[in-house]
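Q: Below are the chains, spelled out letter by letter.
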Amino acid sequence: MPAVQETIEQVKQIDVDKYKYGFETLIESDRAPKGLDESTVRFISAKKGEPEWMTEWRLEAYRRWLTMKEPSWARVKYPKIDYQDLYYYSAPKSMSGPNSLDEVDPEILATYEKLGIPLKEQEILAGVRKADEPSSLDEDSGTPPSGSGGRQVAVDAVFDSVSVATTFKKELAKAGVIFMPISEAIREYPDLVRKYLGSVVPVTDNFFATLNSAVFSDGSFVYVPKGVRCPMELSTYFRINERNTGQFERTLIIADEGAYVSYLEGCTAPMRDENQLHAAVVELVALDDAEIKYSTVQNWYPGDKDGKGGVYNFVTKRGDCRGKNSKISWTQVETGSAITWKYPSCILRGDNSEGEFYSIAISNGHQQIDSGTKMIHLGKNTKSRIISKGISAGNSNNTYRGLVSAHRKASGARNFTQCDSLLIGENCGAHTVPYIESKNAGAIFEHEATTSKISDDQMFYCQQRGMSEEEAVALIVNGFAREVIQKLPMEFMAETQRLIGISLEGSVG
Amino acid sequence: MAEPERTRTKAEEALAQHFAELSGDDPIRDMRTTAFDAFIEKGLPNRRVEDWKYTDLRRLMTDAPAPAEPVNPERARDLVDQADIFADIDRARIVFVNGYFVPPLSDLSGVEDALDFASLGRFLNGGGALLERSEQVDPGEAPVYALNSAFVRDGAVIRIREGAKLTKPLEICTVFAGNGPGLQTLRHQVTVGDGAEAVILQSYVGPDGVGYHTNVVSDIRIGKGAKVKWVKAQEEGDQALHLGLLLPRVEADAVFDPFFFAAGSAVARSEIRMIFDGEGATSGIRGATIARGRQHLDTTLIVDHAVPECVSQEFFKAAIDDEARGVFQGRINVWPHAQKTEGKMMSQALLLSENAEFSNKPELEIFADDVVCGHGATCGQIDEEMLFFMRSRGVPADEAERLLVHAFLAEAIEEIAHDDVVAALEARTRRWLSLGGEVR
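Going line by line, the protein sequences match chains V and U. Start counting the first sequence at 1; every next residue gets the next number (the UniProt record's numbering). Start counting the second sequence at 1; every next residue gets the next number (the UniProt record's numbering).
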């Protein structure tokens, strides 16, 4: 397993590179005044050039939000957030088209480089050229630039709150796939957006989702038309950049009848002292026979070794298997953030629809993770599978919280859940809180959970063969989580194995 | 945070009124008032209270009857004999009717030498010191406990002597004998001395068609190295509401095996909050629930592994028919430093009808790393293939189904590992199955 070797190397580097993505890009930005009231909501809406109905939609959400209470049921503790002490909108300014990469704000280029975005894609992202123009960087013009590993990946980089650019537009357009910042989609495809926005996560869903509905700045919009298999993996990089800005992403993905799309979301954030708020909403809609695969690697700043700083990640992700035979699959690797509050869910509405949730959640230091999923079986013969691997180390707490329910009409529903927790060190906690509710005799639910530490036998075996304690832990943890790692798209697999190594740094010895 | 003014439910109003009518010269009046105030401040638990998510008492408890009066022992004798779950077992018996100890119906012959017994009623008249020993519960967070302290009239105070071995099981029998609604509130305090061995049975019976309430708290201490089997059989009448709370504290190297058999009442919740207080103790907590009609039966357990090297095994089965609803909530807490803990929990439910419901919430909360903990939960219907197998061999469909359900429940019942008790509960299960309606 060469990837394991990579992890080991990564662990070795840790002394010099505590948090690889902890850089801060200093670029000018254009932002709304601090605080939140109706004028902030109007400001954001105006900045985006939104139609009247959208402004009203936001205002309605804002008014609703004022009447809501922050949820307190999750097993996470944090100081009270002052919602008036945040900036709700911030856009990078340097966006006028430069002629070559030399003219691009070097800070932005440095950010891309650290993110590992290929140079040719950087050109497009920075607005030097359009995706379909030949690059000055190489000779073989005419072909669209390729992503890493020869596979095509379209990137919609969300730099702070505005999508800087979207690549591969033409390639996707040829297939009829719409992949653009949601703010653009609101202008260009208002009917489509209006039909689906808020249809999976209603405006009134929960405190953070409602806040997002009022102030979301940008995010991705994907529409895959009937019968189309999206020709490439779609990908975004989320970054929280500007000091004290909340990041309120809104993603909406619709797979029309018989369509297929795989979407990758990678997250890194600069290191800083103050806590940052991130309250994203992701909505997926799968119509008849459609399939959506949504993968996330979340590696935001988890705070320092004393638990200072770090990102608050309060995310509402939900997929609606609206059509029959549809399928939605969530895969997540959660290694970052000081606090994670996240439950990617599936509403299995269509008959024979299928939901999947594969998760690795690693907490170290003083991180707190409360994550899991909901599988709501409404249709007949619906199937779901949950595999969750929680790893806690240091002084962290890691909670799996999940719901599996079968409603009256969900005959033939089937669920299998496995959640395993691994404890490293005696000061951490691992918790499992599943809710299993069956209202249909024909539903078959199975749930299995285990909690243990790395066995002494395994450690002894590895160390006896010359591995250091940390190498052995990285190897064993990678093995523990392999069922989920295998579900990740190629692009994320190697990164994940590296991340596992980094995340568990300092957890033993 | 100040909650907005809440209007009391009909049952809460009734409880407040009954409490106000309790006699004023009660020596433990202050203690009762503190408990009742703690209860009424929050009111009946509802689905927004996490521990009561699936058993919303504010909705399920529509009224609260007044405390029941004692009855003539001779009138109760027939009832006690009729509804005798453990009739075939040679055992000692402590009988409570309507919540009061009835000496003429009780018989401790054969075990007197091994234990001391007194009714709690006698102690209550001399002050309530005995009532305050439960450290496992905060009355503000435990409505059943708070109501129990407010209304308790009687109970069994049992001390099994150090090293004593009970030669036969000891039954604490609770019978409701009223023709109309009434509330019986009991508090048992059982101390099992170091190294003692005992089988303790608790039975609950009452008439069908009477909306009476039972509230019982059993506060138990299991001494070092003691071995105790505790079997609770709940067959209350079909309109009854049963709230039970078992509070065991288990000391080092003890073996404590409680079993919950739940078949009766309209609404019931049996809760156990157990704490391991000494290293090397083990406990097998098991149960079988059978429900039909519109019954709502809840089993909730919280097991605190507060010290290292204890083992707990939880194994629960439920067969739910008609429009009945079953609930299982189980939480294993492993405290920091409780290393070498083993906790294994399994909950299995069989839904026998289209409209039956089961909610399962097995939780693990773990703060020590060197542990082996796990839980499993399943929910489904009778395996069609098993049914087919039996029918293809000439077993009629309804009998095949009964056999399969019986076998399913027996798996848990047999774990009691006491032949007479197993036989008694299996007989109750068979009876329940034979009374069942037609097969789907």
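Hints are computed from structural coordinates only; laboratory data are not their basis. Some clues are possibly wrong.
To spell it out: a stretch of chain V is covered by chain U in this simulated footprint if at least three of its residues, at any positions, have a beta carbon under 8 Å from a beta carbon of chain U; those stretches are [claimed, not checked]:
id	region
1	421-428
2	432-438
3	445-452
We treat Cβ as the ideally placed atom computed from N, Cα and C, and that holds for glycine.
Q: Please go over all the hints and tell whether each is borne out by the structure.
A: Checked hints:
1. 421-428: holds (count 7)
2. 432-438: Satisfied; 7 residues make the cut.
3. 445-452: holds (count 8)
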